[in-house]
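2 protein chains.
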Amino acid sequence: MSYKAPVKDLLFNIEHLANIEAVAQLPGCEDAGLDTAQAVLEECARFNEDVVAPLNVVGDTQPSSWKDGVVTTSPGFKEAFKQYAEGGWQGLQHEPEYGGQGLPKTIGAACQEILNSANLSFALCPLLTDGAIEALVTAGSDALKATYLEKLISGQWTGTMNLTEPQAGSDLALVRSRAEPQPDGSYKVFGTKIFITYGEHDMAENIVHLVLARVQGAPEGVKGISLFVVPKFLVGADGTLGDRNDAYCVSIEHKLGIKASPTAVLQFGDHGGAIGYLVGEENRGLEYMFIMMNAARYAVGVQGIAVSERAYQHAVAYARERVQSRPVDGSVKGSATIIHHPDVRRMLMTMRALTEGTRATAITAASAYDAAHRHPDAETRRENQAFYEFLVPLVKGYSTEISQEVTSLGVQVHGGMGFIEETGAAQYYRDCKILTIYEGTTAIQANDLVGRKTSRDGGQVAKAVAAQIEKTEAELKALPGEPAQAVAKALEAARKSYLEVVEFIVANTRENPNAAFAGSVPYLMLAGNLVAGWQLGRALLVATAELAKGNDAGFMQAKITTAHFYAEHLLPRTHALRDAIIGGAHSVMELPMDAY
Amino acid sequence: MSYKAPVKDLLFNIEHLANIEAVAQLPGCEDAGLDTAQAVLEECARFNEDVVAPLNVVGDTQPSSWKDGVVTTSPGFKEAFKQYAEGGWQGLQHEPEYGGQGLPKTIGAACQEILNSANLSFALCPLLTDGAIEALVTAGSDALKATYLEKLISGQWTGTMNLTEPQAGSDLALVRSRAEPQPDGSYKVFGTKIFITYGEHDMAENIVHLVLARVQGAPEGVKGISLFVVPKFLVGADGTLGDRNDAYCVSIEHKLGIKASPTAVLQFGDHGGAIGYLVGEENRGLEYMFIMMNAARYAVGVQGIAVSERAYQHAVAYARERVQSRPVDGSVKGSATIIHHPDVRRMLMTMRALTEGTRATAITAASAYDAAHRHPDAETRRENQAFYEFLVPLVKGYSTEISQEVTSLGVQVHGGMGFIEETGAAQYYRDCKILTIYEGTTAIQANDLVGRKTSRDGGQVAKAVAAQIEKTEAELKALPGEPAQAVAKALEAARKSYLEVVEFIVANTRENPNAAFAGSVPYLMLAGNLVAGWQLGRALLVATAELAKGNDAGFMQAKITTAHFYAEHLLPRTHALRDAIIGGAHSVMELPMDAY
Numbered sequence: 001m002s003y004k005a006p007v008k009d010l011l012f013n014i015e016h017l018a019n020i021e022a023v024a025q026l027p028g029c030e031d032a033g034l035d036t037a038q039a040v041l042e043e044c045a046r047f048n049e050d051v052v053a054p055l056n057v058v059g060d061t062q063p064s065s066w067k068d069g070v071v072t073t074s075p076g077f078k079e080a081f082k083q084y085a086e087g088g089w090q091g092l093q094h095e096p097e098y099g100g101q102g103l104p105k106t107i108g109a110a111c112q113e114i115l116n117s118a119n120l121s122f123a124l125c126p127l128l129t130d131g132a133i134e135a136l137v138t139a140g141s142d143a144l145k146a147t148y149l150e151k152l153i154s155g156q157w158t159g160t161m162n163l164t165e166p167q168a169g170s171d172l173a174l175v176r177s178r179a180e181p182q183p184d185g186s187y188k189v190f191g192t193k194i195f196i197t198y199g200e201h202d203m204a205e206n207i208v209h210l211v212l213a214r215v216q217g218a219p220e221g222v223k224g225i226s227l228f229v230v231p232k233f234l235v236g237a238d239g240t241l242g243d244r245n246d247a248y249c250v251s252i253e254h255k256l257g258i259k260a261s262p263t264a265v266l267q268f269g270d271h272g273g274a275i276g277y278l279v280g281e282e283n284r285g286l287e288y289m290f291i292m293m294n295a296a297r298y299a300v301g302v303q304g305i306a307v308s309e310r311a312y313q314h315a316v317a318y319a320r321e322r323v324q325s326r327p328v329d330g331s332v333k334g335s336a337t338i339i340h341h342p343d344v345r346r347m348l349m350t351m352r353a354l355t356e357g358t359r360a361t362a363i364t365a366a367s368a369y370d371a372a373h374r375h376p377d378a379e380t381r382r383e384n385q386a387f388y389e390f391l392v393p394l395v396k397g398y399s400t401e402i403s404q405e406v407t408s409l410g411v412q413v414h415g416g417m418g419f420i421e422e423t424g425a426a427q428y429y430r431d432c433k434i435l436t437i438y439e440g441t442t443a444i445q446a447n448d449l450v451g452r453k454t455s456r457d458g459g460q461v462a463k464a465v466a467a468q469i470e471k472t473e474a475e476l477k478a479l480p481g482e483p484a485q486a487v488a489k490a491l492e493a494a495r496k497s498y499l500e501v502v503e504f505i506v507a508n509t510r511e512n513p514n515a516a517f518a519g520s521v522p523y524l525m526l527a528g529n530l531v532a533g534w535q536l537g538r539a540l541l542v543a544t545a546e547l548a549k550g551n552d553a554g555f556m557q558a559k560i561t562t563a564h565f566y567a568e569h570l571l572p573r574t575h576a577l578r579d580a581i582i583g584g585a586h587s588v589m590e591l592p593m594d595a596y
Numbered sequence: 001m002s003y004k005a006p007v008k009d010l011l012f013n014i015e016h017l018a019n020i021e022a023v024a025q026l027p028g029c030e031d032a033g034l035d036t037a038q039a040v041l042e043e044c045a046r047f048n049e050d051v052v053a054p055l056n057v058v059g060d061t062q063p064s065s066w067k068d069g070v071v072t073t074s075p076g077f078k079e080a081f082k083q084y085a086e087g088g089w090q091g092l093q094h095e096p097e098y099g100g101q102g103l104p105k106t107i108g109a110a111c112q113e114i115l116n117s118a119n120l121s122f123a124l125c126p127l128l129t130d131g132a133i134e135a136l137v138t139a140g141s142d143a144l145k146a147t148y149l150e151k152l153i154s155g156q157w158t159g160t161m162n163l164t165e166p167q168a169g170s171d172l173a174l175v176r177s178r179a180e181p182q183p184d185g186s187y188k189v190f191g192t193k194i195f196i197t198y199g200e201h202d203m204a205e206n207i208v209h210l211v212l213a214r215v216q217g218a219p220e221g222v223k224g225i226s227l228f229v230v231p232k233f234l235v236g237a238d239g240t241l242g243d244r245n246d247a248y249c250v251s252i253e254h255k256l257g258i259k260a261s262p263t264a265v266l267q268f269g270d271h272g273g274a275i276g277y278l279v280g281e282e283n284r285g286l287e288y289m290f291i292m293m294n295a296a297r298y299a300v301g302v303q304g305i306a307v308s309e310r311a312y313q314h315a316v317a318y319a320r321e322r323v324q325s326r327p328v329d330g331s332v333k334g335s336a337t338i339i340h341h342p343d344v345r346r347m348l349m350t351m352r353a354l355t356e357g358t359r360a361t362a363i364t365a366a367s368a369y370d371a372a373h374r375h376p377d378a379e380t381r382r383e384n385q386a387f388y389e390f391l392v393p394l395v396k397g398y399s400t401e402i403s404q405e406v407t408s409l410g411v412q413v414h415g416g417m418g419f420i421e422e423t424g425a426a427q428y429y430r431d432c433k434i435l436t437i438y439e440g441t442t443a444i445q446a447n448d449l450v451g452r453k454t455s456r457d458g459g460q461v462a463k464a465v466a467a468q469i470e471k472t473e474a475e476l477k478a479l480p481g482e483p484a485q486a487v488a489k490a491l492e493a494a495r496k497s498y499l500e501v502v503e504f505i506v507a508n509t510r511e512n513p514n515a516a517f518a519g520s521v522p523y524l525m526l527a528g529n530l531v532a533g534w535q536l537g538r539a540l541l542v543a544t545a546e547l548a549k550g551n552d553a554g555f556m557q558a559k560i561t562t563a564h565f566y567a568e569h570l571l572p573r574t575h576a577l578r579d580a581i582i583g584g585a586h587s588v589m590e591l592p593m594d595a596y
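Protein sequence lines correspond, in order, to chains A and B. Reminder that position 333 of the first sequence reads as 333 in full-length UniProt numbering, one-by-one numbering, no gaps. Reminder that position 158 of the second sequence reads as 158 in full-length UniProt numbering, one-by-one numbering, no gaps.
FYI, nobody ran anything at the bench for these hints, they're computed from the structure. Please note that a few of the clues may not be correct.
Below, computed lysine-lysine pairings styled on DSS-like, alpha-carbon distance capped at 25 Å [claimed, not checked]: (1) 489/A x 496/B; (2) 471/B x 223/A; (3) 496/A x 489/B; (4) 8/A x 78/A; (5) 223/B x 496/A; (6) 4/A x 78/A; (7) 549/B x 471/B; (8) 496/B x 463/B; (9) 67/A x 145/A; (10) 223/B x 333/A; (11) 463/A x 496/A; (12) 4/A x 82/A; (13) 471/A x 496/A; (14) 82/B x 67/B.
Sequences and hints are given; from them, build the entire structure.
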């Protein structure tokens, strides 16, 4: 099925929820107003609809393949990536100093969504490259920056993140790869890394691996991990490619989904040692890696929204076309298209509301990021940074968890045809299953939310979010009409459940950690749900005002209806989660381990 | 991973929740007491663990294949089916008159679960054959019974259900296949049927297709559909196989899961007409097909439980073995197996509680079926029939919907390894996706629940179930201890939500059908959840009594804990569903069709 980028909805979010005109007041963003956003998104839509989206099924049916250490990507990927690079898309959000376009995240995130809707597997290569760029920008020496940044930002080379080892997944303390200092200041790197996305491929001239390893004599645990740049091909002083480095792909995985994205096992140093260059200081690797991780976590959250949007479009198209059964209200005599049936509508509305709600959260978070990085006022930066950091685990965790509900509903709307691979709906269901796992599982996001984002400041930021929500409720209550009142009421109830849980988490994280962490994922789901419902509440306020101005009635009315549906159907889940977290803290750990 | 049948838990359900000794009082069930159940289940476990379960991965990696009209099943399937037939397993629940063992459904359902846990794809062939047997027993002429039943019950031949056509899925009114009466009393059948499970294969000598078609001049819609037996090979008067009938498999589907089960497109009558024999009377085909469907719907519900059990076992094994991170409570210094982590425990407990809860519902329903069919007292039969029929959409709908949650959690517990196909967890996630679709989607089950099972009698049976639940609550309240009190409280609250919804459904089905049917699937999920929680509440009562007698303390304590977890973590979802159904009835249909 062809994909049509939801440019109008993205621009609605960028304009009204992310307040792009305020973003355009930030230093360095002067040219990034609504007009720019619109022009970029339209071009992004055209490129991805025409070039990248048609490769989505191709990549699934003809996955990347490995032979004798060489990975051949799916047909068309190499050519499309060349166009992607030439179009300047890799540099969209990156420093103009190194050839990037320096656009704010508020616009960049929307483009990421479009790219990922078009093709999750394809989009992973730029996603990982973004992470490598961020790490080098933040912690790389001038020499490393000079050597690598321009080529990465232009898309001539690509980047990878090498964290996982067979025994070290979520637990990076267990990393065993090691690095030996050499007299010339470089290091020799040895070890096995697994699950390396685009760890080997044929789409770029060079691959810049960012690798976690321990320098000899470093402390145990996460405090002894350093970060290295290990290029596939060594780079001469003049920037030309030299010898092949001792970093080889020994196999790629056979996966449930995202089959076009090669997931590599990389062997470093089996032939004498892979030459690596230290990023920043020794033993601070995890800190730098978190820079990449935070960008990547946000981006994976966007992947969840993106695949949800694609699954929704696919399901709507089928529901409009498939004729089956007579509507229960008798509105059609005889069999009608299945979009007439209430349960099909319920499924489509659930898909739509979850997608629009998580999109609104993500784009709002992006504008907080931009303010946090560029606002002239330090206090404003600090507040926005705290808000953004609170939202990252929600964007990552909630958007990806709901993508599994959305894609499953997408298959269900198709009935028996959904189970047939050629229909295409099943691919989204398979592809999205990785999203709750990589770049930190939902449980890892939830630990972050409980520990660093909620307990550490005694729930201050969490409660500040609630206070903002309360303001939105008051604005909604001042409006006439059933939807606004229903949303205000549902938000108020959900916010109260949320606050009870925040108190519970703050009270228990230290005293009774098993109870707090037993509720960690439910807390993430509750908070993510509430924030998405809140953003749709804000959208309803805007849409009401726009309607009054006579702007785009169909779109604005649909936004109000979607917010209304979200509030009535999805926000009530927050109470079930509260009950489970607070009432059920004990029964999670009650069964002895040997009784399972 | 090897599969171990949960014989102890199945026997607990059979003995205490289904009250097997009462079942053994029913005419014809005199030998079917607990000892028989135990002997049969142990043999069933042995056979399926050793013979059928090892073929599960084989069937996924080497699917059944089609060439020139011939279907070759996955390696080992033919031999295993031969053993299945020789072991008498096909005849377990069928009439001794035709060679069956005549065991009650209470025992048969437990065996079905084991078979399906071992291998969903394999189990589908017997499942469909059961349906064909039921239809012939109920509606077939003596001649048809004499010709077909013994061979089907012995497993020498297998059966299929031919309902779906390209334009007629959930909506059987659209069936176009036609049948022309012949002078000898037979018919010639013409048409295309799709999605025919085991519509062609190499595991049996003959395949007995039960086919829906219209006799010339029959009324339009579902009242003009008749049911025919169309054997792959014609059968002589002496029971020997004769000519190949004009029913050919033109292709099989490429599916998301259950890949070993061949899903056939069958072409009837392209070479002059397929010879068919009318089952029962003309134009009553749908009624007879519902006999098969009802048996099959229950059985598909059991498939949901079965795949959940298998996914649970797989996840537990991994959680016990994979070492990663230090427990938050400091109970282990250094990295520990992940079963120490609260969120892994939450996931495993969710999987366990959903599996045990749905199992308890299914086996309780089976004993109602047995009483409905065999009890000497007509009023008792009627009550049990009504209770069973109310439970069928819950067993089918809820058990299969939750299997998707359970198998998804199963992948999640495995982290990155879950996404690698060789790990095996992903197969359950793929396989189970068909369960909410075939034999009537969840929406079709929910329509049945709303229309025939709830509204038609003004909610009488639905409320009678609530009254029974209230009795269980009272018994729980009389017990000491936190788990019993927590379960009683959660059940009471969930029952009240349920009753509100029942009133809403009864009030709206005719007056405002869009509102009632917009809530149909949520109502099914609410009722299925409540009944499962109730059955675990009953299990808690039994376990408490058994503990007091000093019986099997570990098992009984685990049962109490599982019921406790279910009540605290899963029953609260009922309130979110109630809110969505009652509060959100309007917003489901609010968005105009062209605004999607």
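Against the structure, the hints:
1. 489/A x 496/B: holds (22 Å)
2. 471/B x 223/A: violated (59 Å)
3. 496/A x 489/B: Measuring from Cα to Cα gives roughly 22 Å; hence the hint holds.
4. 8/A x 78/A: violated (30 Å)
5. 223/B x 496/A: violated (54 Å)
6. 4/A x 78/A: holds (23 Å)
7. 549/B x 471/B: Holds, because 23 Å separates the two Cα atoms, which is no more than 25 Å.
8. 496/B x 463/B: holds (11 Å)
9. 67/A x 145/A: Violated, at about 33 Å.
10. 223/B x 333/A: holds (17 Å)
11. 463/A x 496/A: holds (11 Å)
12. 4/A x 82/A: Given that 25 Å is the threshold and the Cα spacing comes to 22 Å, the pair holds.
13. 471/A x 496/A: Distance ~14 Å between residue 471/A and residue 496/A Cα, so the pair holds.
14. 82/B x 67/B: Satisfied, since the Cα-Cα distance of roughly 23 Å is no more than 25 Å.
Violated hints for the displayed structure, listed by number in ascending order: 2, 4, 5, 9.
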